[in-house]
Amino acid sequence: MPVHDRRYRGFTGERRSPRGLFWTLARYGLAEVFSKRLLLVLFVIACLPVVIYATLIYLANNLDVLALLGIQNADMNKLATNLSGTLFFWFVVGQANLAFLFASFAGPSLVAPDLTHGAMPLYLSRPLTRCDYILGKLAILGTLLSAITWVPGLLLVGLQSALAGGGWLVEHARIPIGILLGSLAWIVLLSLSALAISAWIRWRPLATGALFVIFVLGGAFGTAINQTLDTRWGQLLMLTEQMRTIWFDLFGVGRIFGQMNDKGDLPVAACWIAIAAFSALAALLLHRRIRAHEVVS
Amino acid sequence: MNGQAAVAQSTGMRVWRRQLGAMLWLELRKTFLRWRALPVVAVALLPALLLGMRVVAVRLADARALPAAEMATMYAALFQLFFVRLVVFFVCFTVFTYLVRGEIAERSLHFYLMAPLRRDVFLLGKFVAGLVAASSIVLASLALQLPLAFAVGGVTEGGAAYLFEGPGAGHAAAYALVTVLAVAGYGAVFLALALLVKNPMIPAAAILGWEWLNSLLPPVLKKISVIHYLQSLCPVPFDAGPLALPAEPTPAPLAIGGLLLMVGVLLTVAIHRARRLEVLYTGE
Amino acid sequence: MSRAVLGADSKRAEGVVNTTPVASAVLGADSKRAEGVVPTTPVASIVFRDVSKFYGEVLGVNRIDLTIGPGITALVGPNGSGKSTLMNLAAGLLRPTEGAIEVLGLTPDQPDQLFRRIGYCTQYESFPRGMTGWDFVHLYLRLHGMPRGDAERLARRAIERVGMVEAATRRVGAYSKGMKQRIKLAQAIAHDPQVLVLDEPLNGLDPLARAETVELFRAFAAEGRVLLVSSHVLHEVDELADRVVLVHGGYVVAEGAVEGVRDELAAERPLQVFVRCDQPSLLAARVFSEDHVVEARLDGDRRGLLVRTENAERFYLLLNRVAGEGVVDIEAVLPADDDVQSVYQYLIGAVAPGSS
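For the record, the sequence lines run as chains Z, X and C. Just so it is clear: in the first sequence, position 279 is 279 by this note's numbering, and no numbers are missing. Just so it is clear: in the second sequence, position 83 is 380 by this note's numbering, and no numbers are missing. Just so it is clear: in the third sequence, position 195 is 776 by this note's numbering, and no numbers are missing.
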């Protein structure tokens with residue numbers, strides 16, 4: 001073909017809607033996450049409790065199966081008659097811990113490599129805004145953490161409801177709402193924190209360590225404040241404890257193992273506000289870092 | 298005279314000393330003259346912040362002031378449960394893993410490996426630099442904590458006398474020793490880990506869990522930890538709670554010797570690994 | 582009879598001013614070669630003995646036997662061919678999976694001695710964070726164990742040599758690619774090494790800096806130092822190197838002086854010579870009578886002849902005879918494919934990198 005004929009020809013095929021562009025990032029990100037053996041193993045481990053809980057629910061609703069096997073278990077009988085918020089509360093707490101572990105290892109590698117390798121100008125020179133980029137990365141963690149928290153949680157509710165009859169769901173309507181709201185709050189908090197840390201700390205192990213510092217050391221510092229200053233407001237630094245207070249409220253169960261300290265727990269509203277404020281701070285930090293240029297002084 | 302000629306005329310020890318000095322200067326500059334050091338310093342200062350808040354609460358908000366002896370027990374718990382187990386642990390993790398693994402992440406390790414440094418000198422230089430940097434940070438925090446706990450306020454009366462004239466001075470020295478040993482112990486663990494595994498966070502998380510649960514472990518298992526020996530050296534015991542399994546503390550010389558031996562073994566492993574270190578930045 | 586070389590560079594033109602002009606246009610191709618900088622029996626400075634390097638299951642280089650002596654040796658090969666691996670192996674930044682390497686009789690297991698005598702300008706673009714250009718060179722010399730005064734003096738001299746005095750106090754992170762390249766070079770030469778390993782040292786340099794750097798390399802080579810240079814820009818290699826080592830797929834496919842390598846290929850790939858003259862048809866008839874001439878093609882404007890011959894020496898003797906007879910007026914003789922680019926294309930088969 002002669003040179004003068006090699007004109008630029010624009011793409012004439014079908015284009016994805018600009019609003020859905022972030023999914024392209026999310027799709028590739030998910031593939032990347034599952035290409036790592038450690039994360040795959042963590043994900044599988046995080047899915048195992050679902051099987052255990054499903055078995056428990058099945059057995060609790062089919063005590064005759066146990067009887068057939070010659071097992072007379074008082075605890076199972078108790079569980080069967082009392083299958084309510086507590087079981088699902090423990091499910092959410094357990095899965096939330098696994099979600100934290102998963103986010104600690106998966107989150108730091110989502111933004112840092114793009115910044116380290118100067119990929120940001122490439123992304124942002126396409127019809128992709130900073131918000132699209134952040135949304136795309138959030139969607140990766142959001143999808144994965146949903147898959148191990150509220151999605152199986154609601155499936156378990158569905159199973160219990162199917163086995164126990166329609167009346168159970170009406171009677172325990174706050175359980176699916178608790179699972180959904182409680183998990184979503186945790187997912188948003190974790191995802192934004194992990195991404196913000198990934199944007200500010202480029203070395204993966206250190207970023208994971210920083211997430212531990214915020215959630216573990218922050219919690220310990222909060223406890224130390226409560227003990228040393230004889231107050232309950234140290235809980236403001238204990239993100240996991242705040243979430244626990246919120247879950248207790250959502251599931252309508254009393255605090256298991258008693259109060260956090262003599263002064264009692266923080267009000268639920270204060271916990272919601274603290275979680276929202278922390279998430280907003282993480283989002284702000286993340287947004288500040290995502291830009292198409294870097295200033296070197 | 299040519300620089301190389303000057304080096305050639307110097308004895309081996311003198312050259313190593315200069316090389317160690319250069320590494321120390323380089324690492325300390327990197328640790329302290331960069332914004333990255335701020336979060337580490339902030340984490341190290343958390344106990345001092347807490348004790349400062351207590352002083353403010355006692356003075357301005359009528360919080361209960363404690364007698365010196367009671368304060369000593371409370372401080373012992375804060376020191377062992379929060380400062381050593383978490384603060385020193387995280388400071389050491391950040392400083393020591395970064396010494397080698399951070400250079401790989403920033404693709405600057407070749408800068409060191411292209412210098413005429415024996416690999417053992419390189420590694421010891423890094424360790425000493427990490428030890429000085431991390432110790433300075435946590436000892437500075439300790440130097441703030443003790444006066445805030447005993448001298449400035451928050452203690453009914455006699456806090457300053459307890460610290461400067463009574464047993465407090467000895468306690469302060471013991472806490473300083475424990476802090477330095479903790480830095481050396483955890484530092485050696487993390488330096489070796491950073492050379493052995495690509496992502497030291499995974500084993501570090503496991504070690505954190507193990508150290509955290511130490512008080513619940515049976516006496517035999519307690520001894521496979523850094524915190525057990527450090528606790529043995531702490532001057533004031535504290536109540537670890539109803540679930541804790543009691544164990545006899547290890548005698549001080551044995552505890553110090555054991556910790557130093559562990560540091561030596563870990564550094565030997567790290568040196569062995571450093572001798573085989575290659576510059577492969579792919580996949581980081 | 583006027584004799585000039587069409588489009589040839591200065592070094593080739595110099596070769597024409599000779600008592601046997603035609604032959605020297607080809608054989609005396611390079612002034613630096615003519616100066617005899619390259620010893621005929623090179624002293625072994627970098628030796629690879631049956632060296633292989635695997636990255637897991639991926640081949641880096643395989644069974645390399647190579648001896649590099651004083652002067653400038655160029656490593657040429659496509660991306661991923663193993664050039665940087667060879668250089669990292671020579672500098673001890675990588676360990677061979679098999680085989681042994683020696684640099685000036687030292688093994689890479691003796692970094693404390695090796696790096697006093699070797700300077701390495703790596704391909705890595707990253708620098709320890711927060712450093713200025715001065716720090717980068719000076720602290721490196723301090724790591725040598727040099728006293729402060731000596732380190733400062735040598736750092737200043739190296740920075741001056743690469744023309745970075747003004748930028749030395751600025752942070753390396755803010756440098757342009759060319760400046761980074763120059764400061765890396767300053768670091769590599771600062772301690773006066775006997776062996777210089779330079780991975781793509783001319784990358785990112787502007788033409789002026791490039792010319793100055795090439796001059797610097799030549800000066801080093803003239804002092805009898807060993808320079809191992811990798812490059813993608815083949816005409817630069819042609820101009821710069823005394824010897825080339827062609828690497829492909831982890832194997833050394835050829836090594837030696839370019840002409841030597843080209844001569845060895847003559848049977849497979851006859852040498853092409855372009856002759857500009859007033860009667861190309863007559864010349865074509867003369868050359869066809871020789872059995873070593875494979876092809877003779879008239880140029881489009883009927884003022885030139887492209888000849889492919891299996892024996893360059895006999896062909897040039899023939900040309901001398903024809904010129905002496907005075908029947909054909911030969912204006913210029915230009916070897917068409919005895920450069921690195923042609924050798925590269927014949928041996929590696931790809932389109933040569935950096936070729937236009």
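Please note: incorrect hints may appear among the correct ones.
Stated by the list, open to error - Computed list of chain C residues with no C-beta within reach of chain X, every gap over 10 Å:
#1 673
#2 685
#3 723
#4 866
#5 906
#6 910
Unchecked claim - Residues from chain C that face chain X, not an exhaustive set, calculated with beta carbons under 10 Å:
#7 672
#8 700
#9 703
#10 786
#11 789
#12 892
#13 927
Think of the hints as simulated: they come from the structure by calculation, not from any bench. For glycine and all other residues, C-beta sits at the position ideal for the given N, C-alpha and C.
Can the hint on residue 703 (chain C) be confirmed by a CB-to-CB distance to chain X that is less than 10 Å? holds, 6 Å
Hint check, residue 892 (chain C) versus chain X [nearest Cβ-Cβ separation less than 10 Å]: Given a least distance of 48 Å, the restraint on residue 892 (chain C) is violated.
The output says residue 673 (chain C) does not contact chain X. Does that hold with a beta carbon cutoff of 10 Å? violated, 8 Å
Interface hint check: residue 786 (chain C), Cβ to nearest Cβ on chain X, cutoff 10 Å. Holds or violated? violated, 21 Å
Checking a non-interface call: every C-beta of chain X should be farther than 10 Å from the C-beta of residue 685 (chain C). Is that right? holds, 13 Å
When you look at the beta carbon of residue 866 (chain C), is every beta carbon of chain X farther off than 10 Å? holds, 60 Å
Should the hint that residue 789 (chain C) touches chain X count as held when the rule is a Cβ pair under 10 Å? violated, 28 Å
Using the nearest Cβ pair, does residue 927 (chain C) come within less than 10 Å of chain X? Interface hint status for residue 927 (chain C): violated (32 Å vs cutoff 10 Å).
Is it the case that residue 910 (chain C) keeps its Cβ farther than 10 Å from each residue Cβ in chain X? Check passes; 58 Å lies beyond 10 Å.
Distance rule for residue 723 (chain C), whose beta carbon must clear each one in chain X by more than 10 Å: Incorrect as stated: the minimum Cβ-Cβ distance to chain X is 4 Å, not above 10 Å.
Does the claim that residue 906 (chain C) lies off the interface hold, with its Cβ farther than 10 Å from every Cβ of chain X? Given a closest Cβ separation of 61 Å, the condition holds.
Do the numbers back the hint for residue 672 (chain C), that is, is its least Cβ distance to chain X under 10 Å? Holds, about 7 Å.
Checked against the numbered hints listed earlier, the structure breaks hints 1, 3, 10, 11, 12, 13; every other hint is satisfied.
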